[in-house]
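Model the full structure from these sequences, guided by the hints.
Numbered per this note's numbering, the sequence shown spans residues 3 to 289.
Please note that the accuracy of each hint is not assured.
[What the hints assert, rightly or not] List time: in silico BS3-like cross-link candidates among lysine-lysine, alpha-carbon distance up to 30 Å:
| id | residue 1 | residue 2 |
| --- | --- | --- |
| 1 | K278 | K247 |
| 2 | K271 | K68 |
| 3 | K247 | K224 |
| 4 | K278 | K68 |
| 5 | K160 | K224 |
| 6 | K68 | K137 |
| 7 | K204 | K160 |
| 8 | K224 | K137 |
[To be verified] Pair by pair, the computed Cβ-Cβ distance ranges are:
| id | residue 1 | residue 2 | range |
| --- | --- | --- | --- |
| 9 | L275 | S139 | 52 to 62 Å |
| 10 | V272 | V93 | 17 to 27 Å |
| 11 | Q57 | G289 | 18 to 28 Å |
| 12 | A165 | S126 | 55 to 65 Å |
| 13 | V132 | E43 | 22 to 32 Å |
Because the hints were derived from the structure by calculation, they are not lab data.
The beta carbon of each residue, even a glycine, is placed where N, CA and C say it ideally should be.
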Amino acid sequence: MATATTTASAPAPGGSLLSQALNNVRSVAQQISMIPNLPPEAGPMQNAAVALSGQLAPAVADAQQKVQQFVQTAVPLLTNVLNLIDSIPSVSGDAQRNAILVQARQQISQIQSAAGQLSPVIASTDSTAVDCRQKASNLAASIPQVENVLQGNIAAAKSTLQADQQEVNEINSKKYYWLLLGPFGLVGLGIAIGMLVTANNKVSQIEGQISALNLQISQFSKMQVDVEQLRQDVVALADKIQSVKNAVDIVGGDIQSILTDAALGSQAKVFLLALKGELGYLASAVG
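Laid out in structure tokens, this is it:
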């Protein structure tokens, strides 16, 4: 026999539990997508963040709608069943008592049928959430790879800058040699000045590259924080979806336990009250 279990949770201010969790995912995914001046390697990561949000949103919306419909169906039926059972002690005669039990069991069966239709929808949403949880973890795990690429790029650029700066210094030293030769060194001096201009241009270009790389690193550091927040938000949403799935599973177990009590007596009453608690939780989760 199943054990009556009730999940207690109050609705969160400003929206349902699932809506708030999904909004958190959407918000941080959008924030990631709008970070400018990122390295090319971060582009696929931005796309993946947006795709995660896009994958979760319709699944969660469908689950919310189906759960709301189920609760709207089940609550009045359950209220009727409880009223019918409470009326049994005041009834005289087996025929009237049996009629009440038949009516109550029919309405319990209607709740059971509605729960049976809801169960695969929630299972599918839970499967989507599990998949997205793994994708979010993979996205966060890819951060160090891009970091390594960026650090390698800037190290190479700094090495090139050092070599180019050394070339400038060498040309400068040769320039003074040609100056010492007076008129005889004019040709060499002209060549040296041309080489110096070229070398200085290379230094300016590589300094610009280093500046751009430093900006990319700074922006990617911001993205790293957001990606970790996205992972946490996806995990939080997946956990809430899992709780909804557990509640729906418990509803099914409670109904089976109720129906095993032919007289709908004290055992059934315990599970009916547990069922009422689960419906309350489901209402708070999606309402």
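Tell me, in ascending order, the numbers of any earlier hints that this structure violates. Hints 3, 9 not satisfied by this model.
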